[in-house]
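J.: Spelled out, the chains give:
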Amino acid sequence: MTKRIVDARGQSCPGPVIETRKALAEAGLESAEVLVDDDAAAENVSRMARSMGFSVRFEQDPAGYFRLGLEREGAGPDACRPAPRVVVLVASPTLGHGDDDLGRILMTAFLKTLKDVSPRPGAIVFVNGGVKLTSEGSDLVEAIRTLEDQGARVLSCGTCLDFYRLKDKLKVGSVSNMFEIASLLVAADRIVRP
Amino acid sequence: MGLAPCDDAAVYKLSDELALVETVDFFTPVVDDPFLFGRIAAANALSDVYAMGGTPLLAMNIVCFPVKEMEIEVLTHILEGGLEALSEADAALAGGHSVEDKELKYGLSVTGTIHPSRVLTKGGARLGDALVITKPLGTGVVATAIKAGLASEAAVAAAVASMRALNRAAAEIGRGFEIHACTDVTGFGLLGHAIEMLGGGALSLVIDSPALPVLPEALAYAGMGLVPSGLHRNRAFYASCFEVRAGVPHALVDMVCDPQTSGGLLFALPSTEAPRLVEKLAHAGMESARVIGELVADPAAKVVLR
Chain A
0 MTKRIVDARG QSCPGPVIET RKALAEAGLE SAEVLVDDDA AAENVSRMAR SMGFSVRFEQ
60 DPAGYFRLGL EREGAGPDAC RPAPRVVVLV ASPTLGHGDD DLGRILMTAF LKTLKDVSPR
120 PGAIVFVNGG VKLTSEGSDL VEAIRTLEDQ GARVLSCGTC LDFYRLKDKL KVGSVSNMFE
180 IASLLVAADR IVRP
Chain B
0 MGLAPCDDAA VYKLSDELAL VETVDFFTPV VDDPFLFGRI AAANALSDVY AMGGTPLLAM
60 NIVCFPVKEM EIEVLTHILE GGLEALSEAD AALAGGHSVE DKELKYGLSV TGTIHPSRVL
120 TKGGARLGDA LVITKPLGTG VVATAIKAGL ASEAAVAAAV ASMRALNRAA AEIGRGFEIH
180 ACTDVTGFGL LGHAIEMLGG GALSLVIDSP ALPVLPEALA YAGMGLVPSG LHRNRAFYAS
240 CFEVRAGVPH ALVDMVCDPQ TSGGLLFALP STEAPRLVEK LAHAGMESAR VIGELVADPA
300 AKVVLR
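Chains A and B, in that order, are what the protein sequence lines are.
Using numbering that gives the first Met the number 0, read the first sequence as starting at 0 and increasing by one per residue.
Using numbering that gives the first Met the number 0, read the second sequence as starting at 0 and increasing by one per residue.
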């Protein structure tokens, strides 16, 4: 376990962010401490650290500057955690094309199996007919909740919920929008489309 | 004609038919290429004249140059870039002034003309108006990513294409509409400039965050902390008149606060006319033009992002 101290005081933006990025990119680095002059730099460095999978602890030194404690994170649920490496995009209540009854059976099997595979998805995004699986009447709510409990973010497209008149009937995860969904998809290392 | 507290340029009435519009702006490089920097700085300086409804006539260069550290060719390219923008604006370069400085800066003072009865001011937006923006947001964030060496080629290309474009065509198209207020989006971000358009009346501007046009990759860079300090300053400075509704992505709040270089024009006009304005702007190549919000009755007089 290695720790680095980055003193980015006296640097104007984006200097502290670049210094932090360099330090955090070092192989095997588990934690770092970054010193910055003001809250704007502290906010920017925090964002860079979180986007690289580090948690952030803030404290203001009595001398006026900010001290940021950065720790490499496990996969706990956290609103500010980095973009997941694997994103599952569920765009229909069925898996594959062919018979719809079979498609539903396969989708059920897929979502129930997902908790046992590795790497685990960081996010599961439900769009179009897929939102029927996260809403009232779906018998997969519990299975999806299990995935959420394991740390996956579960998001359902708001426009789609509106379209199917399910907005008040979402049973698991949260309502999302196309900006968030598109951001997740472009930042993902791998997108799985059952 | 006097200068309202928050207009984009000074207007001096010479006769009942003619007034002068005066403005000046200069800054440090936002892109690495000297020609493009010159071009962008000139487009930015000219923009204030367009935002007032005026026509640029003459311009003078303002140069701060580290003559000991930088080759003079760099300056030549910057000035060529500026000249290209001026010639596209049909404005003449009338000279300029340079000083030695450790940090390179370039910009122009611009003199334009305008009919005194056709001056477009910032305040004056009315109840029921829609707000139209003509360029995408995020130039400050992309410029920061460029400084950090993390901007992709595609992101730089899109930001440069937006910043180098004059606001001339947008202003000319705007003349065919009942514009109640107009300004350009620059250092105070959409937030700061939109607040100025409220003009102290009992109006609030409600911005639809999904409608905001944003430069490619700007949201991702903001998420990585590649954010100019001016963005934080804008957010803090206008905090008392800015309300963000639950569920708006953080990066879109950033876009509203991001200081813009050579940003687009903001038009307030009757909401019934706004879609037709956007259509005309898009037809003229301004594909990012959007209706982004509306003015509603509200004594709190703030900008609401939903």
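Simulated from the structure, these hints should not be mistaken for laboratory data.
Honestly, I wouldn't trust all of these hints.
[Stated by the list, open to error] Restricting the straight-line Cα-Cα distance to at most 35 Å, the calculated cross-link-like pairs of lysine-lysine (DSBU-like) are:
hint : chain 1 : residue 1 : chain 2 : residue 2
1    : B       : Lys67     : B       : Lys301
2    : A       : Lys114    : A       : Lys166
3    : A       : Lys21     : B       : Lys301
4    : B       : Lys104    : B       : Lys12
5    : A       : Lys114    : A       : Lys168
6    : A       : Lys166    : B       : Lys67
7    : B       : Lys279    : B       : Lys67
8    : A       : Lys168    : A       : Lys2
9    : A       : Lys170    : A       : Lys111
10   : B       : Lys67     : B       : Lys12
11   : A       : Lys21     : B       : Lys279
12   : A       : Lys168    : B       : Lys12
13   : A       : Lys114    : A       : Lys170
14   : B       : Lys12     : A       : Lys21
15   : B       : Lys279    : B       : Lys301
J.: Please go over all the hints and tell whether each is borne out by the structure.
T.: Structure-based check of each hint:
1. Lys67(B) with Lys301(B): Violated, at roughly 49 Å.
2. Lys114(A) with Lys166(A): With Cα atoms ~26 Å apart, Lys114(A) and Lys166(A) stay inside 35 Å; holds.
3. Lys21(A) with Lys301(B): Given pair Lys21(A), Lys301(B) is violated - Cα atoms ~40 Å apart, limit 35 Å.
4. Lys104(B) with Lys12(B): holds (31 Å)
5. Lys114(A) with Lys168(A): holds (24 Å)
6. Lys166(A) with Lys67(B): Not OK: Lys166(A) and Lys67(B) at ~65 Å, beyond 35 Å, violated.
7. Lys279(B) with Lys67(B): violated (48 Å)
8. Lys168(A) with Lys2(A): violated (47 Å)
9. Lys170(A) with Lys111(A): Measuring from Cα to Cα gives roughly 17 Å; hence the hint holds.
10. Lys67(B) with Lys12(B): With a Cα-Cα distance of about 43 Å, the restraint between Lys67(B) and Lys12(B) is violated, given a limit of 35 Å.
11. Lys21(A) with Lys279(B): Given that 35 Å is the threshold and the Cα spacing comes to 46 Å, the pair is violated.
12. Lys168(A) with Lys12(B): violated (63 Å)
13. Lys114(A) with Lys170(A): Within the cut-off at roughly 19 Å; holds.
14. Lys12(B) with Lys21(A): Roughly 56 Å separates the two Cα atoms, so the pair is violated.
15. Lys279(B) with Lys301(B): Within the cut-off at roughly 29 Å; holds.
In this structure, the hints that do not hold are numbers 1, 3, 6, 7, 8, 10, 11, 12 and 14, in rising order.
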